[in-house]
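Colleague: Residue-level listing of the chains:
Number of protein chains: 4
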Amino acid sequence: MEDVLIVYKEKPELNDPILIEGLPGVGNVGKLAAEHLVDQLKGMKFVDIYSKYFPPQVLVDDSGIVKLVNNEMYYVKRDGVKRDLVVLIGDYQGLTPDGQYELADRILRMAKELGVEMTFTLGGYGLGKLIEQPRVLGAVTDEDLIPDMKDLGVTFSKGEPGSGIVGASGLLLGLGKVYGMRSVCLMGETSGYFVDPKAAQAVLEVLSKVLDVRLDFSDLEEKAEQIDQLTSKLKETEPQQEPRKEDLGYIG
Amino acid sequence: MEDVLIVYKEKPELNDPILIEGLPGVGNVGKLAAEHLVDQLKGMKFVDIYSKYFPPQVLVDDSGIVKLVNNEMYYVKRDGVKRDLVVLIGDYQGLTPDGQYELADRILRMAKELGVEMTFTLGGYGLGKLIEQPRVLGAVTDEDLIPDMKDLGVTFSKGEPGSGIVGASGLLLGLGKVYGMRSVCLMGETSGYFVDPKAAQAVLEVLSKVLDVRLDFSDLEEKAEQIDQLTSKLKETEPQQEPRKEDLGYIG
Amino acid sequence: MEDVLIVYKEKPELNDPILIEGLPGVGNVGKLAAEHLVDQLKGMKFVDIYSKYFPPQVLVDDSGIVKLVNNEMYYVKRDGVKRDLVVLIGDYQGLTPDGQYELADRILRMAKELGVEMTFTLGGYGLGKLIEQPRVLGAVTDEDLIPDMKDLGVTFSKGEPGSGIVGASGLLLGLGKVYGMRSVCLMGETSGYFVDPKAAQAVLEVLSKVLDVRLDFSDLEEKAEQIDQLTSKLKETEPQQEPRKEDLGYIG
Amino acid sequence: MEDVLIVYKEKPELNDPILIEGLPGVGNVGKLAAEHLVDQLKGMKFVDIYSKYFPPQVLVDDSGIVKLVNNEMYYVKRDGVKRDLVVLIGDYQGLTPDGQYELADRILRMAKELGVEMTFTLGGYGLGKLIEQPRVLGAVTDEDLIPDMKDLGVTFSKGEPGSGIVGASGLLLGLGKVYGMRSVCLMGETSGYFVDPKAAQAVLEVLSKVLDVRLDFSDLEEKAEQIDQLTSKLKETEPQQEPRKEDLGYIG
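Chains as they are written, first to last, in my numbering: chain A, 452 to 703; chain B, 452 to 703; chain C, 452 to 703; chain D, 452 to 703.
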């Protein structure tokens, strides 16, 4: 079979679109943020991406219907003045390093075909400790992208993230740069212990200004509250849990 | 060498055949069930499937003769009115995720060539605890397949299996769906600690109604009794054993 | 680069040659035996086999000169009446299952080109305990090969080796059988804890009768004595060591 | 995507160039040495090597700009009499054995295109204990290279390195030898516990004589002093730390 199997439902004509990536990772920050964006902006799915670099697994929905794990792209058409959006979400990232590269390469080629020249990748920055007010850290392909991001409250901090950015959020920037594409990675600070809707909201607050969209965060706030209740219970009843080493790095 | 090496002994002409898969997995439920079916219906082997995605291993029979580990397909011709059967059994599933995909892809292509439009995959659903009366859980590619399965006693239960279906039983459904094939996965509940002929029988009781065949279960019942004796001895002499984490998921 | 890089020094014309394989494995029985055979029969190296399935490693000889790890084939020409020999030895087996298959496939193709129709693979059968008089177990591709082997003292024992034969010694038989080649695997019983020249000698005693050659075993006997001294010292000074699980299987 | 993606900035015309490799490894000896050489000789970067065999990762510099992890080559032109230099440095070695082979193969082909007939690979030889005066061990592709190296103080010692040389430093020699290229590996002795500028200096002291260049070592000496202070503090405050097994081998 093909390493990456791309099944289009539709090939949309888009106005100078921006690609936004949010795949599973630390605290599922990017995934939560991108899915929320698709929900709020009523994105239309136009392509399924299957691959032997994903797990050999189907998901089963509540009525018992299976779906092969995949990545998906949604488009959001806007008023013809604002730039259109393409949002990449999915069940998994590639399982192996070479799978990550193959998938990033294919996604960048698809993006180019759609006319994408600018990408935002969304992720979490794992701190290994609980955090009240998550900052949003930034990384870019081109220096001239920094000032605008700083104006929107994004932190560019020497030595953070110290070990670089691992996974799709990093690779789409890095490989995209080799291919001549401009990109920004937005990383919401997170403990890395739980899925983190609060970090996702922090990332989306920046992104909504970039994209000039209004987002209702009540869903994410509700989820965040549920998780806050869980974690405060944990703090009461259990000794401080030791962070696992793999939670501490950034996997975007 | 070819990634997957297919050696036909015969290319049968089949009447609207149904594919039935039973490869090793949790409790070896699918393997036991599919092998029992081949035995009872006197299936004819018509193809050997070798692959570099299987272990580099030969099995040695009681007289000392080797056989390279493989997957095999058997056909069962019926009266020309009832649909014929193709049964896939084997020593192993693919060792790696990409191997699983390559093998599933090849098997689906072979099935299509044989005229298969409907597939049943058989597996175990690991519960991590001993169980008296195993239910048979179902998952399907298409919603309209559910009512008939329910009528035959298959359980469709929200949130089960929660983590989806991993391995050949899931992939043949999921990839088959992408290729436009209809399938049902039947999963017999099992502890996952032992090979489980009782769960295999539960699965076959459903399948025998679907296929309109009569099966003699005395072999499986005998094996189940032997295992029951073993497990009751274990319960007497040893403390309750802790389930290993990997026993708890479903690997089809 | 090519997955397997074959560098011929010479392409010998051989008289109905027999292939003999002895690569590293349990107790290094096969490797010791095949290297001893090459030494004693003054085999001529005619081909180097390099591969990305071997470790990325060079060996350094006593004067400081490197050699990329590889497999090698030697030929032994005989009197024109007895069949000539091709002996395969090497530093490593393939590191991955698919690498094992690719290498076995290439070696079988090379063997066919050389006119080989009969193969002997040599290995150890790990028992997980010390053993005084190692038996030589056999496995074959074709039933009619068994009687002669039994006459030469080879044991064919129901259920041994129970888990089959893993690695090159098994794969050359199994894949060779698919390709229509006849083969015998000779396995010398060994603890699996040490390199085992005694097991290698047991295997060679059988093989020398098959090939009708005289071998001087004084080298192997000397090595065996050294190891006996080591192990008897260990038995005196240390508690019985626990066999590691991986020592118990057969890896040929 | 291509397995190895080579992006030239410039294709230099070089005078009988010598290739020098220093990639990450034990004590980062080779990397430290080669980077110091590039700094001191003001090497010009002329090619970026990206690969799916590297981690899917970007590094982020102090201002927040990303760079996809890679290997890079620099050239140093000299007076037209002395031979020019090509220096290979990078963030990572290939992650997998086959990736190591593919990368070494590509680098050797690139080197050949540039006219390289002689290679020096630089690495550390891990001893698993602290060491005051590191020796420089050598390994070569061709015996006639040894006398000159010995004259420059390189040690060729029977049985060292006992397990050969693993990784790029070994593979460029070994695979290069198969391709008919001449090479020397210089290994500075190191504990393997820390990055080791002292071992890097020892290696460069030999190499500077080979290349007839003058190098200022004050940078490396300063780094070495910092590390000496760290280690002496550790010795005071902590019990002797146990070497991890993987620190003891040589990974070049």
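In case anyone wonders, no lab produced these hints; they're calculated from the structure.
One should not assume that every hint holds.
Taking lysine-lysine and the DSS-like style, the derived pairs with C-alpha atoms no more than 27 Å apart in a straight line are [to be verified]: (1) K493(D) / K628(A); (2) K462(D) / K518(C); (3) K518(C) / K563(D); (4) K493(D) / K601(A); (5) K460(A) / K563(B); (6) K609(D) / K628(A); (7) K609(C) / K496(B); (8) K609(C) / K674(B); (9) K628(C) / K493(B); (10) K460(C) / K518(D); (11) K609(C) / K660(C); (12) K518(B) / K563(C); (13) K460(C) / K518(B); (14) K609(A) / K462(A); (15) K563(D) / K563(A); (16) K493(A) / K628(B); (17) K496(A) / K493(B); (18) K518(B) / K518(C); (19) K660(C) / K460(B); (20) K460(D) / K563(A); (21) K660(C) / K496(B); (22) K601(C) / K460(B); (23) K628(C) / K518(B); (24) K460(A) / K462(D); (25) K660(C) / K496(C).
Nothing here was measured: the structure is a model prediction, and the numbers come from that model.
Colleague: Given the hint that K660(C) pairs with K496(C), does the C-alpha gap stay at or below 27 Å?
Modeller: Given that 27 Å is the threshold and the Cα spacing comes to 24 Å, the pair holds.
Colleague: Is K493(D) close enough to K601(A), meaning Cα to Cα at most 27 Å?
Modeller: violated, 35 Å
Colleague: For the pair supplied as a hint, K493(D) and K628(A), confirm whether the alpha-carbon distance does not exceed 27 Å.
Modeller: Given pair K493(D), K628(A) holds - Cα atoms ~26 Å apart, limit 27 Å.
Colleague: So if I understand the rule, the pair passes when the alpha-carbon distance is 27 Å or less; does K460(C) with K518(D) pass?
Modeller: violated, 45 Å
Colleague: For K496(A) and K493(B), compute the direct alpha-carbon distance and say whether it is at most 27 Å.
Modeller: violated, 47 Å
Colleague: Decide if the proposed pair is consistent with the structure: K660(C) and K460(B), CA atoms, cutoff 27 Å inclusive.
Modeller: The given pair, whose Cα atoms are some 37 Å apart, is violated under the 27 Å limit.
Colleague: Decide if the proposed pair is consistent with the structure: K609(D) and K628(A), CA atoms, cutoff 27 Å inclusive.
Modeller: Roughly 49 Å between the alpha carbons, so the hint for K609(D) and K628(A) is violated.
Colleague: Between K518(B) and K518(C), does the CA-CA distance stay at or below 27 Å?
Modeller: violated, 36 Å
Colleague: CA of K628(C) to CA of K518(B), is that 27 Å or under?
Modeller: Cα-Cα ~8 Å, so holds.
Colleague: For a C-alpha distance cap of 27 Å, please report whether K460(C) and K518(B) respect it.
Modeller: violated, 35 Å
Colleague: Assess, step by step, whether the Cα of K601(C) is no farther than 27 Å from the Cα of K460(B), and give holds or violated.
Modeller: violated, 32 Å
Colleague: K460(A) and K563(B) were given as a pair; does the straight-line alpha-carbon distance stay at or below 27 Å?
Modeller: Since the Cα atoms of K460(A) and K563(B) sit roughly 23 Å apart, the hinted pair holds (cutoff 27 Å).
Taken one by one, the earlier hints fail for this structure at numbers 2, 4, 6, 10, 13, 14, 15, 17, 18, 19, 21, 22, 24, listed in ascending order.
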